[in-house]
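Once you've looked at the hints, dock chain B against the given chain A.
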Amino acid sequence: MPPVGDRNKQKKVIILFMPLTKEEVQHIATLARLELTAEEMEHYRGQLSAILDHVARLQQLDTQDVPPMSAVFSEEGHLRADESHPSLPPEKILGNTPHKADGQFKIPPVFEK
Amino acid sequence: MITDLTLLEAASALREGEISSRELTRACLDRLIALEPELHAFLHIAEESALRQADSADQKLIEARRSGQSAPPVLGIPLAVKDVLAVEGLPCTCGSRILEGFVPPFTATAVKRLQEAGMIIVGKTNTDEFAMGSSTENSAYGVTHNPWDKSRVPGGSSGGSATAVAARDVPAALGTDTGGSVRQPASFCGVTGLKPTYGRVSRYGLIAYGSSLDCCGVLARSAADAAAVFSVMQGRDLLDATSQDVPAAAVALENGGNLRGVRIGVPKEYFIKGIQPAVEGKVRAAIGVLQSLGAEIREVSLPHTGYALPVYYLIAPAEASANLARYDGIRFGPRVEGGHLWDVFYKTRGAKFGDEVTRRIMLGTYALSAGYYEAYYGQAQKVRTLIRRDFEQVFTQVDAVACPVAPTTAFPIGAHGDDPLAMYLEDVFTLPANLAGVPGLSFPVGFDAGGLPVGMQLMGKPFGEEKLFRMAHAYQQATDWHTRAPNL
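Taken in sequence, the protein lines are chains A and B.
For the first sequence, the residue numbers in this note's numbering are 1 to 113.
For the second sequence, the residue numbers in this note's numbering are 1 to 488.
Only true hints are included.
Here are some of the chain A residues that sit facing chain B, going by a computed Cβ distance under 8 angstroms:
#, residue
1, 33
2, 51
3, 57
4, 63
5, 109
30 angstroms max Cα-Cα, derived DSBU-like pairs, lysine-lysine:
#, chain 1, residue 1, chain 2, residue 2
6, B, 112, B, 60
7, B, 112, A, 92
8, B, 461, B, 268
9, B, 461, B, 112
10, B, 268, B, 467
11, B, 347, A, 106
12, B, 461, B, 273
13, B, 112, B, 467
14, B, 347, A, 22
15, B, 150, B, 273
16, A, 100, B, 347
17, A, 92, B, 347
18, A, 92, A, 106
Simulated from the structure, these hints should not be mistaken for lab results.
Using N, Cα and C, we set each Cβ at its ideal position, and we do this for glycine too.
So here's chain A without its partners, still in its complex pose:
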């Protein structure tokens, strides 16, 4: 089992253990652009709370002097020359939707009248 941290760190863990509220789940769903029913919200509220409870154990580790690993390898020296290459033709790009007109994707209105 992972080592248990000091009192302060434990306190931090307890804060994160708090189950998500209905409002928080609604907020996440809105951020993620997901329309969910009330039952689905409740279903995910319970499951996400359990998963967050499990991952909260990471707070027990002291990582003050540890740099974050944001990529496996540095991308330095791996960029190609800045030259133009042909892209896929528009008719191929538009080939996967019936919603198109004049060589463009067709969408419902974005601005209110």
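Showing chain B alone in chain A's frame:
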């Protein structure tokens, strides 16, 4: 039966003109079509185009024989491709309703290289939706059945590919591995599966799940067969900035090789409570075989192993929530109509993403949201550094580590029901390799009392795939577990 030939046996028969690629491809298609009702390994079968490619391979084989030139060993060999890899002209769903009907206008680099070397794409294999799962039960198009026991899962997410290889539908298949999705199904189905070093194989055309973790791998009936496919698909690709420029050493696996001078570590954190006794027993016996072949065995420690699960289940969902933002019903896939553009987004995504994908998008969105970013995602990235350092430290002492692939053999369909955490625990031994970016090779080392395959995993240094293949090949020369076939 012609479908019983291994990839290298078939390659030799093709070269000598004893069989044609059309005969072999036809036999594979007949077998996989006949087995499909019981196994459901495939989401799309590409019969016509496969036979066309086979005829063209036969022309090249005749040409090679006539001119005396050597042909690539994969020329004319049928291949199944996991349905998260784009193949131009073939439907690609990622096991999701949100990509129903999508036909990609491009081909993944790994697939393209194999096609150019003459491999025949016979179809697209079933997967957990967007490769999120460990059982293939999360596919929107039905579960795949384990060929060793059809009431059990084949593992996942590359369960369709593992099943297709184990059932002798095809000599080899492509899979992808973000947290164990090649290695764990290979273990559950008794086949050999490689997750390469991150960046060794291009991710172009691999539909993104967790971009800092995703790898395109291969499943086959032996290390030698997998190596033949891997050596063609690996290498730098200008279309993937994270692909690495590594000298493309041809994988030469000499027969009768021993393992003298090879140091293999046994990490104590991988032999924990909860692991099935049969799994531990077979893996320890296999380590004994490696020792008898000359390898030096040492106990080692990867102390942060226990943190891999929480780190993975923050980083992978966070990356997934960003990657899956592109599915909005506008450019591809079905659209659920709404009055305003935003309604299209909410309705399409709400209706078409399955349960596990929705859960991970929400988890990742939360972990990246204002106020929680540092505590969750930021901390996970730091602990990921610690996990990688564990491997760097261990690889100063040994050439590879040997451990179980999964704590259990294949579990019954439905066993984890509605308990996502229990399913996530299936991945405890495979997640660390993805987090550290190191290669992992899974291969069969025996069977449990119920006749289900047990797999062992060797993890190696970055870009050390050849060494892993050599170790597994030596093991497979000394044993015959990898030659066992399910009764179908």
